Structure formats: structure tokens, C-alpha cells
Amino acid sequence: MTTKVDVQGLRAKSRLGIRVAVWLGILTVIEYFIAVEVTNPLVWLLPFVAAKGWLIMRYFMHVDALFEGGH
Amino acid sequence: MNDSGGYKRDAIRVGLLWLALVVVLEVVWFSVEILPRQYAEEARIIDDAFNLLTILGIPVFSFVVAMLIYAALRFRSGGDASQDGPPIKTSTPVVVTWLVVTTALAVFILINPGLVGLAELRANPDADLVIEVEGQRWQWVATYPNGAEVRDELVLPVDTRIKFEVTSVDILHSFWVPGFRTKIDAVPGLTTSVYATPTELGSFAEDSALRLQCAELCGIGHARMVMPVRVVEKAEFQAWMADQLTAEAPAAEGRG
Amino acid sequence: MRPLIRAVVLGLVGYVAGAWLTVAVRGGSPSDDVAVTFGFILGLIGWLMGIGVWNAWAREWFGLPAKPDQATGWQRYLTFNTDHKVIGVQYLVTFITVLLLGGFMALIMRWELANPGQDFLDPDTYNKLMSMHGILMIATAVAGILGAFGNYLVPLMIGARDMAFPRVNAMSFWLIPPVAIGLLSAPLLGSFDSGWTAYPPLSVVNEGGQVLFILAVITFGLSSILGGLNIVTTVATMRAPGMSWGRLPIFVWAAFAASVLSLLITQFFAASLILILLDRAAGTTFFLAEGGGDALLYQHLFWFYSHPAVYIMVLPAFGVMLEIITHLARKPLFAYKVVVAGFWGIVGLSVAVWAHHMFTSGMAESLHAPFMALTEAISIPTGLVFLGALGTLWQGRLQSKTPLWLAFGWLFNFTIGGITGIYLADVATDIHLQDTYFVVAHFHYTIVGGTIFALIAGSYFWFPKITGRMYHERLGKIFAVWLTVGFNLVFIPLFWVGINGMNRRIADYPEFFAGPNAFASVAAYILGAGFLLYAGNLLWSARRGPAADPNPWGARTLEWQLPSPPPEHNFPLLPEVVGHPYDYGIPGSVHVAPMTPEGGEEA
Amino acid sequence: MALSAGAAHERAEALSRPRANRLGLWLFFASETFLFAAFISARFVSSGTYKPEELNQPLALFLTVVLLGSSISAYLAETSIAHGNRQGLIRYLSITILLGLAFLVGVGFEFKEAIEYFPPETIYGSNFLALIGLHGFHVFTGVVALAVVLRLGTKGHFEPDDYWGVEGVVKYWHFVDLAWVVIFPTLYLF
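Chains H, G, D and L, in that order, are what the protein sequence lines are. Residue numbers for the first sequence follow the numbering used here, so the first one is 1 and each next one is one higher. Residue numbers for the second sequence follow the numbering used here, so the first one is 1001 and each next one is one higher. Residue numbers for the third sequence follow the numbering used here, so the first one is 2001 and each next one is one higher. Residue numbers for the fourth sequence follow the numbering used here, so the first one is 3001 and each next one is one higher.
Keep in mind the hints are simulated off the structure, nothing from the lab. Be a bit skeptical, because a hint or two may be false.
[Claimed, not checked] Below, computed lysine to aspartate or glutamate pairings styled on EDC-like, alpha-carbon distance capped at 20 Å:
| # | chain 1 | residue 1 | chain 2 | residue 2 |
| --- | --- | --- | --- | --- |
| 1 | H | Lys4 | L | Asp3161 |
| 2 | H | Lys4 | L | Asp3162 |
| 3 | G | Lys1089 | D | Glu2060 |
| 4 | L | Lys3155 | D | Glu2060 |
| 5 | H | Lys13 | L | Glu3053 |
| 6 | H | Lys13 | L | Glu3159 |
| 7 | H | Lys4 | L | Glu3159 |
| 8 | D | Lys2337 | D | Glu2060 |
| 9 | G | Lys1163 | D | Glu2365 |
| 10 | G | Lys1163 | G | Asp1126 |
| 11 | L | Lys3051 | H | Asp64 |
| 12 | L | Lys3112 | L | Glu3159 |
| 13 | G | Lys1163 | G | Glu1206 |
| 14 | G | Lys1234 | G | Glu1132 |
| 15 | G | Lys1234 | G | Glu1041 |
| 16 | H | Lys4 | L | Glu3053 |
Just so it is clear, the structure is predicted and the values come from calculations on it, not from any experiment.
Build out the structure end to end from the sequences listed, making use of the hints.
So this is what it looks like as C-alpha cells:
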């Protein structure tokens, strides 16, 4: 029932995830302040949406696993 | 029959069949009158486009039909299912020719009648007469420049460029006079416009193409949401329009 | 039978519970839009759980072992069976039934339209009948071929034992009966009279049956999405060794392309209907001018789905017909790669042509020219399909069989459908023709003449594979001619009345159009009678027909290398694909390595 | 080919199963993207880039941070079970569910506030409430799915080489977060 815990792998992966989350947080805050300060922010916000989307798909959703076989 | 001689013979025969079909169908098309009578300048533009598309469509249609007739007559196998045809997998010249011809045709019709027709229809934004038309379930109300509101008949002067400003009070309707070939939806909250320049006198009583018909499904009364159209001489129109105002006044009082 | 009874009971219980709870919470009547909505949702869940989702699937979510249904024989067809062949047959029988029902409604309409004036349908009933006919037939065209042959044939043709997600597959079929029940019970709430297009504001202000239409069609959309997702995944991940993309049978390509399209854009139909539902039930104002809403928004969202939907209908039909033509002409499919490129060209362009339905809608005039150009451009990839079909017939050894006769009728009809489509893509002519019988005739040529002909031709062509018996060939040919001639007699006159000023969706018309309408009505009854021959032939042959050879056409694709009907899990051995499926006439060429069990040891 | 039916097929299927599952899920996301795209485009078509003054931008920023936090805990849950740490799976799944519920409470509050400022009888209100509602519905289904997986996890399901249930649900949760990444500026920042 209990399987061996791969502590090192887990720690490395967790750290990566938290780093990505911090980046997402930073981007969100910058995005927010641009939106509050700039009058017509549409063009300015698009890169932030794209960057956040890419981070989530790449690191959280593992989109590249789609193109590999197996686990 | 597999040799190139057979191939050529088949090609020539199917080509002749195609040609014959094209000639017959084009002759038929030019000798029958399918489109309704033109009562407006816009009808001419639209009918020209219709005719041109048909003239170009007949060869395309005939090609398929010629191929089908020829294949049905000539390539029928008497043998069993194990007898295979020649293993022609593809042919670059045929594919390229096909692509070039279909693309050329698509580009041609896009330019003429497509863009040309569009330009002609939009050539002139001015109008000599503006009539507001309002759709409601299930009747049309036309308001003339002098303020007359008319519900029972749309009377229009001949040889006048008329702009109809169309809207709706409830749901979607569509303004369509088949004799003019013009159509635009009546959209609540929006004023759309369409032009017609009547060129011939006539009335609904003589020709059902002269009717303002609702063309957008609007419920129970949709089919009968019709207003008769009558095209009259300019002088007669002015007199009629003035009459409407005097005729309307007592009626409005009575209603109020 | 038991699961079906359970499903009906749980469905009803769910409906009543949903409606009752709504009334208990917010008051109002159990027949108002909100109560019906929640009733339908709970009823749908009850139905699905009852038919087998609970037993075969949902138990696992709670850590319990699944208990798949063990029914055998004909009872399999009434259960949550995950065999793709069972599901294919379920779809086929269901949608041919819906087709006949929708056709019957058309005959009632033609009875009313035989003479000007009101005969026996009042305009309101007529509009409702016309709307019902429309949506039933649209559903048949969207899901008929993809559901029946897509499910039955795709795994067989690519050498797989089943679809990638068999339970999702069973669910996408069992979502269909609630759709039918929802639509057909709409008259209880006053039915819906806004056509299958459900344009607001009419669809916001009309009677409550419209809500059932909305819920049923959203459910149908969910079924299409799940079905499409399954076909795409199956083709992408489950092909037998050697079945490269370049060796896929053309029907698989067609089903794959149509599924990609269906998977993505169907959501726009769902979204547009959800917005109508919100306008009706939640007091929003998306399409009502009073609150600043915009009726044209619906048309954009709706046609963004509904124009490509035409290609969801017709791409699988292309696939079916090219299969039939290739096998029965006994020649390689002409320009195979070009045809596949044509399919993808159609998929790509189809999402960029929607506004040609709106040239007279009052939308911005700057959109007219681009949409005209893109719409006319789609004739180029469509033309490549004709190139493939005609090129394959050229110098073939045509086997004179019913499916091929129907293929000829199909090519003829679809040519007319395609050419008349140009008149509607051209802004000038469309201004006159939009919303007339010209449009009605045009789309019947593409959808009936294109898709339904393929559904019928396919039901003959794969009949021996599905049933193990042969249909009656001569009766089949008589029907093929009857159908083609009858169909053309009905719809050719309708082009004329449309051009001359008869608008569509009307119960009454000016005296001027009496002649052609009477003609079309008589022809419609002749056409309708022909379907007795069709149904009779297939029903009788399925029970009493002579046993069919496993491969009566001498065809090369994988499904024909198996016994008829194919056994459960299809392939006794993993097939190995070694060549192209259509290399007729090339000496020594093979599609599949022989599937004999020699050397095949139980591992 | 000398493999018997059962063996060869099962081997082939075992190899293609995770691929099929993943592809199927991504296709579902693609489909859902079109649903969100329809609602988002409806908002721009009806209201352009109009932005009312009454928007509660700080609340939206708070909601964004909550959802972002739930995404990282979902990530940690999946990573834990992939490396054999069941306690981690349970802990982080629970956190994710709590954050998801917090988000729903926040959205509920926002909904109540929004109905006053831009009621559904106005076009902006229609779009705003529909889009928030659509996303909220997805969050709700995500929470339910997470709860199902959490329960299975506590009962001993899922192993480092077999945790598709967790992976699938967590991906869905990230997708809901991804949708919010677009919806947040669409509703609150333009």
C-alpha cells in the first residue's frame, strides 16, 4: 500500500511550481496596476494574459506531455 | 481500353457531350424568362448578376452531368468484382488544371458580379425621397416626408430614387419587395436602410411581385404580413401623399 | 429492458423533483421557464444514471467497482453498451427513425402548401410544425452519418478494438433520447415557432416550448462534442501498426475532420442558446433592444456554429460517398492527398464564412465584401472533392450496385446545391434570394441531396457488414432512381417560386405560385412513398435476406476483411497495415497483412 | 506479427491509454475554450471596451490571488502523488478545495454587489453576470470533482504510476484558472 516517497524529486518539482506561482503573482499585480493607471489598457494587458496563460499551460498543465508517449 | 488511345477517345467523347449539354442549356436559359418582372433600377443590377452566374454555372453543371452520363454508359463493368480498373492514383496536370480553373472561376465571380454588383448597388447614397417604414406584428407602417402614416398601401413615385429607413418595434421583420429585388431586415433598436428606384408603373393587383412582404419569420401573421405596393406617376404621387394627410386627420381625432 | 424502464422512471422523477424544487424555492408555476430548466437538468441526470452511467461508470467515482451491463442479443441495443458497433447501430436506427418522422412532418406541410389559402393548418400550427421539422432534420444530418458510420466504422477501419473512450461514447448516444423527448414534448408547453434558427427576439418572447427546444439542443450539442472528441482521440491514438496518416481510409479522414470542427464550434450554438435562455429565464437583455441588447449578436454567434455545421454534416457524407465510389469503381481514389487537403481547406475556411447568412440583416456593410470573398473561396476545396469523385469514376470498372447508383444521384444533387450556393454567396443576388424558397431548395439540395443521400447509400453499402445479410438489389436500385427523381421533382420547382418572390416559412402564399406548389406537393408524396420501399427492403432483408459474403464488394479496407457482423473487439489478431487502402489494379499490392492465426500463440 | 490478440492489443492499449486520456482532456479544454470565447466575444460585441466606475477591482484582484493559490496547491497535490506522497496529496487537495470554496464565496458576494450596480436588465450587467456565472459554474464543478478525488485518495486509490484521476481533475482546475486569467482583464481591467 505505502510506496516509497521520492523526497528529492518531490522537493525539486515543488520548488519549481512555487517559483512559477510567484511569477504569476508578480505578473498579476503588475497587470492590475497598469489597468488602474492607464486609461485604455487593452493593448498593454494582452502580453500579460499571454504570458500567464503560457506559464500555466507549460508548468501546471504539462502541455508538452501531450506530444510524448507514456507517463 | 486501358491504352492511351482509349483514354483520348473517352476524353474527346465526354468533351463533345459536355459541349452539347452546355449549348443546349445555354440556349434554353436565354430563351425562357425565369426572373420576375423588373420594377426598379436595382432589379436590373441584381438580375444581371443572376444571369451572369447562371451563364457561368451551366458549364460547371454540364461538366459533372456529362461525366456522370458518360461514366454510367461507358465504364460499366460487365465483369465480376475482382476485375480492377486502371491504377491511376493521381495526375498532376489534371489536379493543377482543376485548381487553376476553379480558382479562376471563383476569382472571376468574386469580381463580377460580386464586387461590381456591390459597387453598383452602393454607387449613390443620395435619395430624392425618404420613407420611414416600421415593422410590427403583423403589419407595416410607412411614414412619408409630409408626416402621413400609411398602413394599407405603399404608394411610390416612378423614376425617383427612394430610400427606405426601416426599423421594427417588436421583433425581427424583413422589408422585401420582390419586384424591386431589395431586402433589408427590420431590427428593433436599429435603423437599416435600403434603396429602390421604381422604373415601371404597376400595382399589387396586377402583379404579386409588387408587394411589401415580411421575409423574416415573425410568428402567426408572418405569411400575411403584406402591404400592397403601387408605383404611380410623380404628379399623382404628390397628390396622393397630400390626400393621406387630410384623410388621416379626422381618423386620428376619432381614435384619440 | 430493465435499464430503459429505470431510466424513464428516474428521468421523470428527476424532472418532477427539479420543477418542484424550483417552485418551492422561488415560487411561480411549474411550467415557467426556470422550473422547466431545472426539471430538464435533473431529469437528464436521472435518465443517464438510470440507463447505466451509474452502474457502469459513476460507481467508480465513489470507490465502488463498476457493474457494466451484461445484456446480450437484441437487448444490448436498449442498454448502456460500450461496444462501438452497438452504438453505431443505435445511432443508425434512431436517426433513420427521426428522418422518417421529420419527413412525415414535411408531407403534412406540403399538404397545406399544395394550395394557396388556409386548408387545415392554421399559420401558428404551421410555423411550429415547420420548426420541429427543421430541428429534427438538422439533428439527423449532424449526427446521422457521424454517429452511425463514424462509430461503427472508424475503429474497424483503423484496426482498433473499440473507441478511445467507450463509456463516453455510450453516453453520447444515450443523450439523444432525452433530446428527442424534449423536442417532441415541446407542444405540451406551447411548442416553438421560431424555426430551427431560433432568432431572437422572437425566441425570447414566444411560448414556453422554446425552452425545451433550447435545453434539448444544448444536450444534443453536448452529445456531438463528446462524440467528436472520441473520434478525434481514437484516430489520433489507436491506429493499428502501419496505419499511417497517409494510409487512412478516406471516410476516417472525413469523420476526423468533421469531428474536429464539431468539437470546437458546437459550443457557439450552446452559448447562443444559453444567452436566449438567460434572456427568457434570468431577466438579462442580450438580445432585447430595450436594455441595449443586440439581436444581431445572436446571429453572429449562431452562424459561427451553424454555417460550419453544414460541413459537419457534409464532410462525413463526402467520406461515405468516396468510399463507395472507390470500392465500386475498383480504382484507386483519385488524388487522395489532394482530397484530404480539400477536407482541411473546408474545415479552415468554414469558420470564416458565417456572415454570408447576414447580408440582409443590417450588419455593417464593410463586412459584405470579405464574407462574399471567403464564401466563394470555399468552393475551391469543395471542388477538390468532386475532382476525387469524378477522377475515380473515370475509366473505372463500375459495379452497378445500389450504393453507386445513389452516388450518381448524390453527385448530381450536390452539384446543383453547390452552384446555387454561389447565388447566395453573391451579395447582389442574395439580397433578393435571402429568406425565399430559393434558399429552401438550395439547402435541401446540399443537406438532403448531399448528406441524407450519403446516409442512405451508406446504409446499403455497409448493410451486409452490419447485418450479415444482403439487401434486395433490384428493389434497392428502384429506390435509388425513385429517390433521385422524386427529390428533384420536389425541389426544382421551389427554385422557381423562390426566385419569383415566394418567401420561406409561410403557411400561405399568393395565388401566382399555385401551380409549382401543387406540383411539388404531389412529387413530395411520391418521394415519401418511396421510403416505404426503403424501410421495407432493409427491415425485411435484415431478418430474411440471404446470408452475405463477408466481403461482397471485394473491397480492400479493413472492415471488409472481418466476418459479418464483426465479432466483439473486432480483431482476433492485431492487424498490420502494409499498404494503401485503395490500390486497386496494382498487382501484388496489399492493404492489410493476412490476419490468419498461424503462429499466433496465446502469450 | 506473431502476437496473439489479447497480448498485443493489451500492450498497445496500455501504451496508448495515458496518451488517449490526455488528448481527450485537452480536446475537451479546446472545446470549452470556444464556449468561453463565445461569452467573451459577446461581451466585447455588446459593450466594446466600456468599463463602469462601480467595478470592484480590489475584490477581483483578491479573487485572482485566491484562484492562483489554489492552482499552486493543486499542482503540489499532483506532484505529491506522482512522487508517492499520499499525505501531501490529501493535504494539498484539501487546501485547493478550501481555496475553491473561498473563491466561490467571493464570487457570490461579487454577484450580489454586481446585481445592484449593473442589473441584468442592462447589457453590461447581462454580460458581466453571465460570464461570472459561467466561470463560477466551472469552479463549482471543479470543486465537486476535487472532492470526489480527495475521497478516493483518502481511501487509498492512486499510486505514483497510476494517478490519472488526480492528473485529470488537477488539469481541469488549472484550466478553470486559465479561463480566469482571460476573464479577469475582460471584466475588470478593460
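Cross-check of the supplied hints:
A threshold of 20 Å between alpha carbons decides the hint, and for Lys4/H with Asp3161/L the separation of about 12 Å falls inside it, so the pair holds. Taking the CA atoms of Lys4/H and Asp3162/L, the gap is near 14 Å; set against the 20 Å cutoff, the hint holds. Annotation: proposed proximity of Lys1089/G to Glu2060/D is violated, straight-line Cα distance about 51 Å (limit 20 Å). At roughly 12 Å between alpha-carbon atoms, Lys3155/L and Glu2060/D fall within 20 Å of each other, so this suggested pair holds.
Pair hint Lys13/H plus Glu3053/L does not hold up; C-alpha atoms about 42 Å apart against a cutoff of 20 Å. With a C-alpha separation of about 17 Å, the suggested pair Lys13/H and Glu3159/L falls inside the 20 Å cut-off, and the hint holds. Using a Cα cut-off of 20 Å, the hinted pair Lys4/H and Glu3159/L holds, with the two alpha carbons roughly 10 Å apart. A C-alpha spacing of about 44 Å is found between Lys2337/D and Glu2060/D, which places the hinted pair above 20 Å, so the restraint is violated.
A distance of roughly 16 Å separates the Cα atoms of Lys1163/G and Glu2365/D; the hinted pair therefore holds under the 20 Å criterion. Pair hint Lys1163/G plus Asp1126/G holds up; C-alpha atoms about 8 Å apart against a cutoff of 20 Å. For the hint pairing Lys3051/L with Asp64/H, the CA-to-CA distance comes to about 37 Å; that exceeds 20 Å, so the pair is violated. A distance of roughly 43 Å separates the Cα atoms of Lys3112/L and Glu3159/L; the hinted pair therefore is violated under the 20 Å criterion.
Proximity of Lys1163/G to Glu1206/G is assessed by CA-CA distance (about 24 Å); at most 20 Å being required, the pair is judged violated. Restraint check: the Cα-Cα separation between Lys1234/G and Glu1132/G comes to about 19 Å, which is no more than 20 Å; the hinted pair holds. Of the pairs offered as hints, the one joining Lys1234/G and Glu1041/G holds, with about 16 Å between alpha carbons and a cut-off of 20 Å not exceeded. This hinted pair does not check out: Lys4/H and Glu3053/L have alpha carbons roughly 56 Å apart, beyond 20 Å.
Hints 3, 5, 8, 11, 12, 13, 16, counting from the list given before, are not met by this structure.
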